[in-house]
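Peer 1: Single-letter residue listing:
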Amino acid sequence: MTCAACVRKVEKTLRGLPGVQQATVNLSAGKAGVVYDPSHVALPQMEQAITDIGYEVPLARIDLLVLGMTPGHCDLIIDKALRPLPGVRNVVVNCATDTVRVDYLDVAVSPATIKKTIRELGYEVSEKGEGEAGADRERELRKQEIRRQLVNMLIAWPLGLIVMLGTFAEYEPLKGIVPSFLSEKPVLFALTTPLVLGPGRQFFVNSWNGLRHGLTDMNLLYATGIGAAYLIAVINTFFPDAGFGGEKATFYEAAALLVAFIVLGRYLEALTRGRTSEAIRKLMRLQPKRALVVRDGQEIEIPADEVEIDDICLVRPGESVPVDGVIVDGYSAVNESMVTGESMPVEKRPGDEVIGGTINKTGAFRFRATRVGVETALAQIIKLVEEAQTTKAPIQALADRVAGHFILGVHALALAVFLFWFFVGHGLWFEADTKLILTPYSLEDLEVFGFALLISVTVLVISCPCAVGLATPAAMMAGTGKGAEYGILFKGADAVEATSKVQVVVLDKTGTLTKGELSLTDVVPARLADAVPVPRTDRPSGLSANASTGPDHTAPAVSGSELLRLAASAEKNSEHPLAAAVVQGARERGLDLSEPESFDSVPGHGVEAKIEGETVLLGNRKLMSERGVDTGPLAKDAERLEGEGKTAMFVAAGLSYNGGSVSQAAERLDGEINSQPAPDAGQGITTQPDSLRLIGIIAVADTLKETSARAVAELKRLGLEVVMITGDNRRTAEAIAGQVGIDRVLPEILPQDKAAEVRRLQGEGKRVAMVGDGVNDAPALAQANAGMAIGSGTDVAKETGDVILIRDDVLDVAAAVQVARATMRLVRQNLLWAFGYNSAAIPLAAGVLYPFTAQIVSPELAALLMATSSFSVTMNTLRMRGYKPSVKRGPPPAKPEPARRDVRTAVEARS
Amino acid sequence: MSAQPMPVARGPSPETPQRRTMPLSSPALLAAAMYTGLSLAAGLLFFAVTLAGDYSWVARIGGAIWIFALCMIILMPTITPWIRERMKR
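Here the protein sequences come in this chain order: A and B. First residue of the first sequence? That's 469 in the numbering used here, and the numbers climb one at a time after it. First residue of the second sequence? That's 10 in the numbering used here, and the numbers climb one at a time after it.
In case anyone wonders, no lab produced these hints; they're calculated from the structure. Treat the numbers as computed from the prediction; the structure is a model and nothing was measured. Think of the CB as a built atom: it goes at the ideal place given N, C-alpha and C, for glycine as much as any other residue. The reader is advised that the hints may include incorrect statements.
[As the list claims (entries may be wrong)] Reference excerpt, derived from the structure (chain A facing chain B, CB under 10 Å, subset only): (1) 688; (2) 918; (3) 920.
Just need the whole structure built from these sequences, with the hints factored in.
Peer 2: As structure tokens, this is what we get:
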């Protein structure tokens, strides 16, 4: 809202809603107070009404650290519990990072209510802090969780092992070794009960909290399994004749080891969970704590977060650069590998940028702080990676759907299995010497109910979908962290997936394949014979013949330096890179440039300027053609230059141009023209004041980056089609493409048309990655399946695109594809592990082998298998820590042939 | 253009928890009645079927309780959102 009209508009809209009695809008506060009848109107309707008239009701956001979540189902539980809260608009739960992000209307619900709701579900919740303080808090909370599970382990395992020894005390080889009193059922009861009610209590409490909200989670699976085993054991201890198998079927060890294995799984998970985000923690550790600043001429040491913009900071050898800035004094080499992935120290001189968190290696220097606090490159990178890690990849949708319905499915399966073994299986196949797999335990006294219940409970325990839920987010976290190590920032899990799937990589030429630093290479003046006046209408056909009898027509029309001076003067006020190169070239040669009297840029084509009273035109063929200048005489020169990968610009000047610097030959030409007899109708020369003549060509060229050719080769090796897109004409584009090994070029594409070209490639059924400048190529980056902004440097926050490559190295494109592919490979492996485990374990637990082996899986073995599956997924993910993209392992790239940069004047070129 | 969240809402919002926990006719109670009833019916059906076979009383009663418990776990999160959705419409 900007004015009183906005206020009236919002008030009127709100008052128009049914049930709204009063609406008062405060412009300066940007708030609306509403008195309404809640039975007629609700907050979402008011929000919608305000949005409909073009205003926004901003949502608040809270990031929470929630401990105790197990992947697969907890995310759904928390999501289900939070969404019905008034004002909650969006919930994103990431079990891999233990984070919950909630977007909410802060007048409708408070953070405290959100936290309380999660706490009531049985989780530990705290607000996620920012930066290092947040990381410290997170580390502390993780330590607490590890300690809690360790205490549970220390109780569960000794007791569980004693219970197991007691249970099997009468079997070889324990017979005679284990004290016989341990096998007494009341003793086993006394040992198991504290175990179930102590470490096992969390499962009952959490599942009850979930059930109270009408939600089920995997704690319920554990609780059902442990509870059933314990209950049967208690009944068989105190009521042995009840028919549950009697004293020989007291499953105390099942209940005890079930708790022990599940607690072991939780402990290992707590231990390894944080390690997948090692990369981000490494980045956080880089943030310097102290800074040496010069204030009032004094060097004082202050906390790094108190450095202000424009403070002069002093950095000595071996110290960290405290914040981002620009060197004002001194020289050094700085190790930036931790931020940009650049392995070699980078030399820094006055005027160069330094990045906070990097290490100064050799000399001391002073720099002026330009970005501090959360604005520093390091803080932005950390934030970006953290944001990426809270997103979900499309592939995760499948895992989420499966895991989401899994618990119910497993209970339904347990029901079906129970009914089957109760009514059919037991009667058909039950044998007296039934054994539990890998135990000498005989179940001869087990009746039909006990037998069916045992199998049913085992199915519940073995089917835990933890691994399914953990598979994708854990791998994504490892992958995005690994990317950050090499200066490759994926903006989300979807960006990782999209990058891994690309088939075509479109590389923008300028600034991506080339350094984007144009320099002057050729100055080619027209010959006298070429520099004929060109009226807009018919041109004299007999001029050459006439001219041949006059002055030397092979002599240059203007001198090389005069041509360059004219061109540079015309370009003096242009901001185009081509113009900068021409002006720079002229200045390097000591030419005095004239101030243009007028200047007009023709976007995508060239410029027109008035120099010393005369019109000068500089640009491409199209511009010349539009202004009636024949480029034919110099066409071959232009083609030759373009064939060398240079950009040729034609220069034309007004007919009356005869300024002091024009060569005598040009003057002679002028004289000749002027001396032409008045043309006859239909064939003569009309010396119209705006007629222009071609006076030469100026050529500039960009330099290829050292790694461009290798990067293209690497991309091809990865099976990708590489395409170059450029505004250059086809000949120039193909020449440059040929130098780096690109087969397909999209030439003469104006900046605004790049997105359409990407769309056209997508129309061919290809998944396209566009690599370019994050600002100028933003539409094309947005259009591409994976937009990669290259060379963003340290200002990552401003960049568009799905992937941000901090370094200006096109080789990182190949590295990004490799990291993305490795991450997706890990996701697939993890999902295979997880689904494979459940696919194999569930039928086994359901007793498919029983008719042939007379053995069934015990609940404790089921718990061990279940814990192993989650653990194996986590361990598989940790392999990513040692991953290095092959392009980063390869030999240093050979120096490619730079584009020719020798400047030849017309005389030199023609001699 | 943007506006700050609307801060004043006198009287309870229709979204507030108080309003959602209405007695008797609330979706939660109706759902509870439904899933408990269905689970009981399943348990009783199981019990009735076992009467036709040669099963011990422990098996009959224990089995019926187990069926009831599993049915409750399955039906509770299935019926509750379904009823809520229907009541909204």
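Peer 1: Now, for every hint given, state plainly whether the structure supports it.
Peer 2: Each hint tested on the structure:
1. 688: At 6 Å from the nearest chain B Cβ, residue 688(A) passes the 10 Å test, so the hint holds.
2. 918: At 8 Å from the nearest chain B Cβ, residue 918(A) passes the 10 Å test, so the hint holds.
3. 920: It holds, given that the least Cβ distance between residue 920(A) and chain B is near 7 Å, below 10 Å.
In the structure shown, no violation is registered for any of the earlier numbered hints.
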